[in-house]
Structure formats: C-alpha cells, structure tokens
Amino acid sequence: MTIKIIAFGIAKEILNQREMEVEIHEGATVADVRKQLEADYPAFQKLASLSLAVGEEYREDDFTITENQEVIIIPPVAGG
Amino acid sequence: MTIKIIAFGIAKEILNQREMEVEIHEGATVADVRKQLEADYPAFQKLASLSLAVGEEYREDDFTITENQEVIIIPPVAGG
Amino acid sequence: MKNIEILLLENDLDSAKAEAFVTNDESGGIVSFVGTVRKFTKGKEVIRLEFEAYRPMAIKEMRKIAEHILAHYPARRVAIHHRVGVLPIGGIAVVISVSCPHRKDAFLACQYAIDTLKETVPIWKKEVFTDGEIWVAAHP
Amino acid sequence: MKNIEILLLENDLDSAKAEAFVTNDESGGIVSFVGTVRKFTKGKEVIRLEFEAYRPMAIKEMRKIAEHILAHYPARRVAIHHRVGVLPIGGIAVVISVSCPHRKDAFLACQYAIDTLKETVPIWKKEVFTDGEIWVAAHP
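Residue numbers (our numbering), protein chains in the order written: chain A, 1 to 80; chain B, 1001 to 1080; chain C, 2001 to 2140; chain D, 3001 to 3140.
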C-alpha cells in the first residue's frame, strides 16, 4: 500500500523534501514505518528520538497505518 | 529621653498620627519601646506582629535606642 | 474554551498580552515564563534562530497542556503564545502565563507548562551560527 | 548595581518593562510574577486597594531580595517593581522578573522573591469594601 510521509525539522532535511510517498506492506504499524525509514535513510538512526503522528496525535509502535494515510515524522522537538 | 516614633499602615491609625514623640527611660531597648506602645495603645497587642526599625533596618528586641533616634513602627506587612 | 488562549504567531510576541488575557477578578497571582533567544549556546555564538511548527498538532498539543492545567491545578486562565519563523538574539520564542488565586499554584502550573511544551509540542528550533547550523536536541 | 532594578511607583506598572530589563544575551529563561488586585477576598467584594510604603526601607529590603538572588541563584538580572497608592480591581500591585540561563532556577528565584517580599518589605495594603476597610494581614 501507499502512505504519505510529511516531515518537519531535521527529518525534512534528511529526506530532502517535505512530503513523499512510501510503499509499505498492508497492515504496517508505526514500528514498521519507522524501521523502513531508518533502513532507507540511516541518518534517522542517529536522532535522539523519532516519533510518528497520525491524525494529529502521537501514535504508539503498535498503531496500524492504513492505505493513503498521512504519517507525520516528528524528530526531537525543541519548542520554547 | 525623647525618641521619635513614625508609624505606617494600621499603626498610624492606632496612633491617629504619622509621627509622635515618646518619653522613655535612658537605655531603652526595642523591647521596651514595644512594651510601652502596647501599654499606651492596647490595639497594638492585637496585631499579628509588631516590628520596629531604626536606621532603615529591622532591629531585634535587645537593640538599644538612643536619644532623639527615629523608631519606625512596622505592623504586619502585606506587599505584593 | 474562554479560559485558554493558544497562539502560534509569525510576528513578535508580547508578554503583556498573555498576562492581560489571564488577568481576572478571582486571581491574585500570575506567573509567566518568557523564553528568549540566547546569544551563546555551549560557547558558540548564535546569529539567529528559526522555528518551524507542525501547526495543527502544535496548537492541539499546546491546548492539551492548558487543559491539563485547568483540570489539575487551581488555575483560572492559561495563555500559551509561541513564535514561528526567524528570531534574532533576544527575541521572544514563547510566553506562558497562568493565573491562580494563590501564587504557589501559579508557579507550579507555569513550570509544568513549559516543561511539557518542550517535550510534546511539535515545534523545532534551528540555531544558526556564523559557521553552520544545528537542529536543537535532534541528536543525543 | 546594573543587574538590579528596584522601583516603587505611583503610576501603573508594566510587566513588559520588568521583562525587558532582565532580558539579556546569556539568559534563555525569564520568570515573572505579577500580583493583581482580586475582586473578592473571603467572599467580600473589594472596591479598591490602597498601598502605603515606608519608602527608603521598602526599596532597601527589595534590593536585599534581589542581591540575595544574584548571590544564591544562577540568576543574571532581577527587577522588582512595586506600586504604591490607590489601585482598582485588576490593577498590578507588583511585578518581579528574574532571568537565568536555565528556567528551573528562574522559577525558584522568582518564587523566593515574592515569598520574601511579602514577609520583609515594609509595604502595607488596605482593602476597601463597600461597607468598611481592613489592613491586610494586620490581625492574626
């Protein structure tokens, strides 16, 4: 299935783009997406953390992604 | 000896004046002045505290007052 | 909710506005945190800061912080204003104001707010130096 | 001392001025306490507040608080602005701002300042109600 990735901060620089489409197996979870991103872009492995959000909420590793869903890559935040 | 009393807040209302002169024995301490004030104006006994300052500093009970010194009556403060 | 004001702004922040929002007849104490851009980080001179936010979620997460405060502290009003875009040295990045009947609660609630904001709100900060740039906190 | 600003003013306080004073290149965190006039005290409606100060000693005691903070906390600058005279509901009675490199210290130092100010600074507050008036904290 195809999912849409949207990246911010250093994640956008690692991907070299704000948005991209990714092919991943049906029933993939947040953990699967993160694993695939880290495999395709090893720079992600060096970050202090890598969270993913769907529907404007942080999602746990076992959260299942569905076809065409938007997954937001959230590298370590640093507001304030 | 004569000392000058300057009163603020509720102390001014108890004395009904901002400044007054008080006669007290030579070598009187802060404790003596407080005792005399409380005797002459029993309303002072009802306050939560009654501090005295000389030379813009709070003074302990055993601080000795000298002739013509200005003694500031400081009832409970409530800044802020 | 009329006791919460969340702003994510492109223009300069003004702490007086946050404090004015939280001022109310029932509160005697307002505590504010103002985060400004420091000139030096670990000895290196910063030229400017760039803030980027995932807007809808940043606003949502800031609102969660404010709602948590109203639910768990005896607080009356909360304002959280955050800046995005480019900031010079001394610029205000964030203002958080909390009003409570008693000041001790206001200190605790305001500290909770800034501590949590730095952990959960999807806003990113890039420090630009004379000789490079770095995304703050990105690496361990 | 150029890192301390003590003001005892007859006119309206502006928290932005205290924050502007303490802002400096080395500090990333400013914590401010703003004390405002509450409408209700123990269920009674306040019409206005009247602050009286023993000026020279009030300024001296406020300065002691600021000096203590600079000596005992990793703080860079301290501003303590207090109002005297008549204040309406919602008026600002006091503004205390402290800047520190790290925010946790700024929260602690600012709380120390307001807690100590209320104990040591010779300023008195009279609450005026529709049916009388009271010197705050005067009686046990």
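Because the hints were derived from the structure by calculation, they are not lab data. Mixed in with the good hints there might be a few duds.
[What the hints assert, rightly or not] Calculated cross-link-like contacts (lysine to aspartate or glutamate; reagent style EDC-like; alpha-carbon spacing at most 20 angstroms):
id : chain 1 : residue 1 : chain 2 : residue 2
1  : D       : Lys3064   : B       : Glu1038
2  : B       : Lys1012   : D       : Glu3133
3  : C       : Lys2042   : D       : Glu3119
4  : C       : Lys2126   : A       : Glu13
5  : D       : Lys3104   : C       : Glu2026
6  : B       : Lys1046   : B       : Glu1023
7  : D       : Lys3060   : B       : Glu1038
8  : D       : Lys3104   : C       : Asp2115
9  : A       : Lys35     : A       : Glu23
10 : C       : Lys2044   : C       : Glu2133
11 : B       : Lys1012   : D       : Asp3105
12 : B       : Lys1046   : D       : Asp3105
13 : D       : Lys3039   : C       : Glu2133
14 : D       : Lys3044   : C       : Asp2115
15 : C       : Lys2104   : D       : Glu3050
16 : B       : Lys1035   : D       : Glu3050
17 : D       : Lys3104   : C       : Glu2119
18 : D       : Lys3064   : B       : Glu1013
19 : D       : Lys3042   : C       : Asp2105
[To be verified] A short list of chain D residues far from chain C (calculated; beta carbon distances all over 10 angstroms):
id : residue
20 : Leu3009
21 : Thr3023
22 : Val3031
23 : Gly3090
24 : Arg3103
[Claimed, not checked] Quick list of simulated restraints, FRET-style, between CB atoms:
id : chain 1 : residue 1 : chain 2 : residue 2 : range
25 : C       : Pro2101   : A       : Gln36     : 46 to 54 angstroms
26 : D       : Asn3011   : C       : His2072   : 33 to 41 angstroms
27 : A       : Gly27     : C       : Pro2101   : 47 to 55 angstroms
28 : A       : Glu60     : C       : Arg2063   : 20 to 28 angstroms
29 : C       : Arg2063   : D       : Ala3020   : 52 to 60 angstroms
30 : B       : Lys1004   : D       : Asp3012   : 50 to 58 angstroms
31 : A       : Thr66     : C       : Lys2060   : 16 to 24 angstroms
32 : D       : Asp3012   : C       : Arg2063   : 41 to 49 angstroms
33 : A       : Met20     : C       : Leu2009   : 28 to 36 angstroms
Model, not experiment: these values are computed from the prediction. The beta-carbon is built from N, C-alpha and C at its ideal position, and this holds for glycine as well.
Hints and how they fare:
About 30 angstroms separates the Cα atoms of D/Lys3064 and B/Glu1038, which puts this hinted pair outside 20 angstroms; it is violated. With a C-alpha separation of about 15 angstroms, the suggested pair B/Lys1012 and D/Glu3133 falls inside the 20 angstroms cut-off, and the hint holds. Taking the CA atoms of C/Lys2042 and D/Glu3119, the gap is near 39 angstroms; set against the 20 angstroms cutoff, the hint is violated. In summary, the hint linking C/Lys2126 to A/Glu13 is supported, as the alpha carbons are separated by about 12 angstroms, within the 20 angstroms threshold.
Restraint check for D/Lys3104 and C/Glu2026: the C-alpha separation of about 27 angstroms exceeds 20 angstroms, so the hint is violated. In summary, the hint linking B/Lys1046 to B/Glu1023 is not supported, as the alpha carbons are separated by about 23 angstroms, beyond the 20 angstroms threshold. About 28 angstroms separates the Cα atoms of D/Lys3060 and B/Glu1038, which puts this hinted pair outside 20 angstroms; it is violated. Note on D/Lys3104 and C/Asp2115: the hinted pairing holds, with a Cα-Cα distance of about 9 angstroms set against a maximum of 20 angstroms.
Between A/Lys35 and A/Glu23 the CA atoms are separated by roughly 13 angstroms; this keeps the pair inside 20 angstroms, and the hint holds. In summary, the hint linking C/Lys2044 to C/Glu2133 is supported, as the alpha carbons are separated by about 11 angstroms, within the 20 angstroms threshold. For the given pair, B/Lys1012 sits about 39 angstroms from D/Asp3105 by alpha-carbon distance, which is inconsistent with the 20 angstroms threshold. Straight-line distance between C-alpha atoms of B/Lys1046 and D/Asp3105 comes to about 39 angstroms, which puts the hinted pair past the 20 angstroms bound.
The hinted pair formed by D/Lys3039 and C/Glu2133 fails the criterion: a straight-line CA distance of about 50 angstroms is larger than 20 angstroms. Among the hinted pairs, D/Lys3044 with C/Asp2115 is inconsistent with the structure: their alpha-carbon atoms are about 37 angstroms apart, more than 20 angstroms. Proposed proximity of C/Lys2104 and D/Glu3050 is contradicted: the alpha carbons are some 24 angstroms apart, above 20 angstroms. Restraint check for B/Lys1035 and D/Glu3050: not satisfied, since their Cα atoms lie roughly 29 angstroms apart, outside the 20 angstroms limit.
Note on D/Lys3104 and C/Glu2119: the hinted pairing holds, with a Cα-Cα distance of about 15 angstroms set against a maximum of 20 angstroms. With a C-alpha separation of about 29 angstroms, the suggested pairing of D/Lys3064 with B/Glu1013 is violated against the 20 angstroms cut-off. Simply put, D/Lys3042 and C/Asp2105 have alpha-carbon atoms about 18 angstroms apart, close enough for the 20 angstroms limit, and the pair holds. Every beta carbon of chain C lies more than 10 angstroms from that of D/Leu3009, the smallest distance being close to 16 angstroms; the non-interface claim holds.
With a least beta-carbon separation of about 6 angstroms from chain C, D/Thr3023 fails to lie farther than 10 angstroms from that chain, contradicting its non-interface assignment. Here D/Val3031 does not stay apart from chain C, with its beta-carbon only about 6 angstroms from theirs, under the 10 angstroms limit. At roughly 6 angstroms from the closest C-beta of chain C, the C-beta of D/Gly3090 falls inside 10 angstroms, breaking its exclusion from the interface. Under the 10 angstroms C-beta cut-off, the non-interface status given to D/Arg3103 relative to chain C is violated; the minimum distance is some 6 angstroms.
At about 52 angstroms, the beta-carbon gap between C/Pro2101 and A/Gln36 stays in the expected band of 46 to 54 angstroms. The hint said 33 to 41 angstroms for the Cβ distance between D/Asn3011 and C/His2072, and at roughly 38 angstroms that hint holds. At about 52 angstroms, the CB distance of A/Gly27 to C/Pro2101 agrees with the hint of 47 to 55 angstroms. The hinted window of 20 to 28 angstroms between A/Glu60 and C/Arg2063 holds, with their beta carbons roughly 21 angstroms apart.
For C/Arg2063 and D/Ala3020, the Cβ-Cβ distance of about 29 angstroms falls outside the hinted range of 52 to 60 angstroms, so the restraint is violated. Checked against the hint of 50 to 58 angstroms, the C-beta distance between B/Lys1004 and D/Asp3012 comes to roughly 34 angstroms, which is inconsistent with it. Between A/Thr66 and C/Lys2060 the C-beta distance comes to about 21 angstroms, which sits within the given range of 16 to 24 angstroms. Our hint of 41 to 49 angstroms for D/Asp3012 and C/Arg2063 is violated, since their Cβ atoms are close to 32 angstroms apart.
Hint check: A/Met20 to C/Leu2009, Cβ distance near 29 angstroms, so the stated range 28 to 36 angstroms holds.
In the structure shown, a violation is registered for the earlier hints numbered 1, 3, 5, 6, 7, 11, 12, 13, 14, 15, 16, 18, 21, 22, 23, 24, 29, 30 and 32, in ascending order.
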